[in-house]
Amino acid sequence: MFFQILKEPIDVKALITGAFHPKCGAVASFIGTTRADESGSARVEYLEYEAYRPMADKKLEEIGEEISERWKVGYVAIVHRIGKVDPGEPSVAIVVAAPRREPAFEASRYAIERIKEIAPIWKREVWSDGYVWVGSQVGTRP
Amino acid sequence: MFFQILKEPIDVKALITGAFHPKCGAVASFIGTTRADESGSARVEYLEYEAYRPMADKKLEEIGEEISERWKVGYVAIVHRIGKVDPGEPSVAIVVAAPRREPAFEASRYAIERIKEIAPIWKREVWSDGYVWVGSQVGTRP
Amino acid sequence: MSDVKVLLFGAAADRAGIRQTKVRINHVVTLGELWSVLADQHPHLIPMRETLAFAVNGEYARMEDTVSTGDEVAVLPPVSGG
Amino acid sequence: MSDVKVLLFGAAADRAGIRQTKVRINHVVTLGELWSVLADQHPHLIPMRETLAFAVNGEYARMEDTVSTGDEVAVLPPVSGG
Chain A
1 MFFQILKEPI
11 DVKALITGAF
21 HPKCGAVASF
31 IGTTRADESG
41 SARVEYLEYE
51 AYRPMADKKL
61 EEIGEEISER
71 WKVGYVAIVH
81 RIGKVDPGEP
91 SVAIVVAAPR
101 REPAFEASRY
111 AIERIKEIAP
121 IWKREVWSDG
131 YVWVGSQVGT
141 RP
Chain B
1 MFFQILKEPI
11 DVKALITGAF
21 HPKCGAVASF
31 IGTTRADESG
41 SARVEYLEYE
51 AYRPMADKKL
61 EEIGEEISER
71 WKVGYVAIVH
81 RIGKVDPGEP
91 SVAIVVAAPR
101 REPAFEASRY
111 AIERIKEIAP
121 IWKREVWSDG
131 YVWVGSQVGT
141 RP
Chain C
1 MSDVKVLLFG
11 AAADRAGIRQ
21 TKVRINHVVT
31 LGELWSVLAD
41 QHPHLIPMRE
51 TLAFAVNGEY
61 ARMEDTVSTG
71 DEVAVLPPVS
81 GG
Chain D
1 MSDVKVLLFG
11 AAADRAGIRQ
21 TKVRINHVVT
31 LGELWSVLAD
41 QHPHLIPMRE
51 TLAFAVNGEY
61 ARMEDTVSTG
71 DEVAVLPPVS
81 GG
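Chains as they are written, first to last, in our numbering: chain A, 1 to 142; chain B, 1 to 142; chain C, 1 to 82; chain D, 1 to 82.
Among the clues, some could well be false.
What the hints assert, rightly or not - Okay, derived cross-link-like pairs now, DSSO-like style, lysine-lysine, Cα gap no bigger than 27 Å in a straight line:
1) D:K22 - B:K23
2) A:K13 - C:K5
3) C:K5 - A:K7
4) A:K13 - B:K72
5) A:K7 - B:K13
6) A:K116 - B:K72
7) B:K13 - B:K84
8) B:K116 - A:K13
9) B:K13 - A:K116
10) B:K23 - B:K116
11) B:K23 - D:K5
12) A:K84 - B:K84
13) B:K72 - A:K72
14) A:K58 - A:K13
15) B:K84 - A:K7
16) B:K58 - A:K23
Claimed, not checked - Which residues of chain D face chain B? A partial, calculated answer using Cβ under 10 Å:
17) A12
18) A39
19) Y60
20) P78
Hints were generated in silico from the structure; no laboratory data involved. Note that CB positions come from ideal geometry on N, CA and C, so glycine has one too.
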C-alpha cells in the first residue's frame, strides 16, 4: 500500500510496475490529467492544487483501508500531486492490483470517487482570463 | 488509436503516457498479468499465449471502433502479448483516455470483456505438473 | 482566554484574504461559536457558510463539536481534488 | 476438386496433433460439410465440437456458411485471451 501527496511529477511507470505481483492477475489504474477546457476565447492554462496536510494524507490512507475492507485486493497506491499541473499532466494516479479484474476495476473507480468526496484537496483552474476555485465558483473570471 | 499484438514485453509506460492529452482529463487503464495460481503442491510456472493473426489484430481494432461508437473517448490503445509470459508480467494492456472519467472507466472495462469474448487468442497455463488450455480444459495435468 | 489556530483553504482563504489566523476563546467553545467569531472578523466568508466543512485537529467535525485552546481548526470549502 | 486451408489453434491443435492441414472439397461446401471431413480425418476433435467456433477468411462464420476452394478456415476453441 502506498499513499503520497507530492509536488513533483507523478512517476506513473514506477507506480504501475510496482503493483505487478505473481499473486495478482489484474492491475487497474486511473490517472487524472489536466484538461485544457475552453470557453469562448478563454482557455485553461494550468491547474493549481493545494491540500490540507497531514489530513489529506490520512484521508488517502483511509480510502485504501476502505478498499481493503470491501474488495479482495493485493495492492493499492494513491498519489496526488499538488502545486501547478500543466495540461495533459497527471494530478492524481490510482493503481489497484487484485487477483481478479472485477475488484481491481471497482476499487480504482471507488478510490477516485472517494478522493473527490473526502480528501481535503482543492483545485484552482487558472484560465487565460482569470481563475476559479472549482466547486466553490469563487474566482476572478469575467 | 493503437492496437498491437506482439511477442516482446509490453511497454506500459509508453502506452499510458502516450494517452495523455490536453483535451482529456481521465486515463483509465487495465493490465492483465500472469497470476501464479497454486493447487495442492502444483503451481503455474508461466502462461503461453497464441493468436490467430491477422484476425486477432482486426478484432482488437473492432473493439476500439465499438468503444468509439459507445463512448466519448479521445484515445484507445489495446496491446496483447503472445508467447511466454512469466508470473507478474503483463499479457494485455488497455489504455483509454477521455475528457471525463466515467467513459474512460467504462470503456477500459468493456475492452477487456470484449477481448475475452471475441479476440482469437488462447492461453495455455503451464503448471509444474503439466499444462492446461484455459477455457477448453484440454491438457496434460494429472 | 487563549488561542485556537484556524487554517483556511482554497476559496475560503481566497475570500478571507488570509490562509491562517488565531481566534481567542475561553477554554472550550463549540465549532459553531468559533465560526461566529471568525465570521465577524472575516465577513467575506459569510456567503460561503452553507458550502463549508470544518475539521478539528485533522478530522471532519460538526458545528456542535467542541474546540479547545490549542486545537487546530480548518475551514474547508467543497473539496475538488482529482 | 481443390483445397481449403484449415488452421487449428489452442486446444484444437493440441487434440488434433496438427496446427494446419488441407481439406479437399468440390468447389463450394458448407462449413458444416467441411467439418464432417475434418472430423473424419481428426476424430480427436469430435468431443470438442460443441465448444468450437469457426472462422472463414478471418471472420467468424456459422456452419451453414459456405467455404470455397482457396478459402482459409480456422478452428477456434473457446478464446481465453487477456
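Would you check the hint for K84 (chain B) and K7 (chain A), treating anything up to 27 Å between C-alpha atoms as holding? Distance of about 40 Å is beyond 27 Å: violated.
K13 (chain A) and K5 (chain C) were given as a pair; does the straight-line alpha-carbon distance stay at or below 27 Å? Not satisfied, since the Cα-Cα distance of roughly 40 Å exceeds 27 Å.
Can the restraint linking K13 (chain A) and K72 (chain B) be considered satisfied, given a maximum Cα separation of 27 Å? holds (26 Å)
Per-residue hint verdict: P78 (chain D), partner chain B, C-beta under 10 Å: holds (4 Å)
Would you check whether Y60 (chain D) satisfies its interface hint, that is, whether its CB is within less than 10 Å of any CB in chain B? holds (8 Å)
Given the proposed pairing of K5 (chain C) with K7 (chain A), does the C-alpha separation stay at or below 27 Å? Within the cut-off at roughly 25 Å; holds.
Was the hint right that A39 (chain D) lines chain B, CB cutoff 10 Å? violated (16 Å)
27 Å limit on alpha-carbon distance, applied to hinted pair K22 (chain D) and K23 (chain B): Violated: K22 (chain D) and K23 (chain B) sit about 52 Å apart, past 27 Å.
K7 (chain A) and K13 (chain B): Cα distance at most 27 Å? With Cα atoms ~21 Å apart, K7 (chain A) and K13 (chain B) stay inside 27 Å; holds.
When you check the alpha-carbon spacing of K58 (chain B) and K23 (chain A), does it fall within 27 Å? violated (32 Å)
Need the status of pair K116 (chain B), K13 (chain A): alpha-carbon distance at most 27 Å? holds (26 Å)
Do the alpha carbons of K23 (chain B) and K5 (chain D) lie within 27 Å of each other, as the hint requires? violated (47 Å)
Figure legend: structure checked against the earlier numbered hints; hints not met, in rising order: 1, 2, 10, 11, 12, 13, 15, 16, 18.
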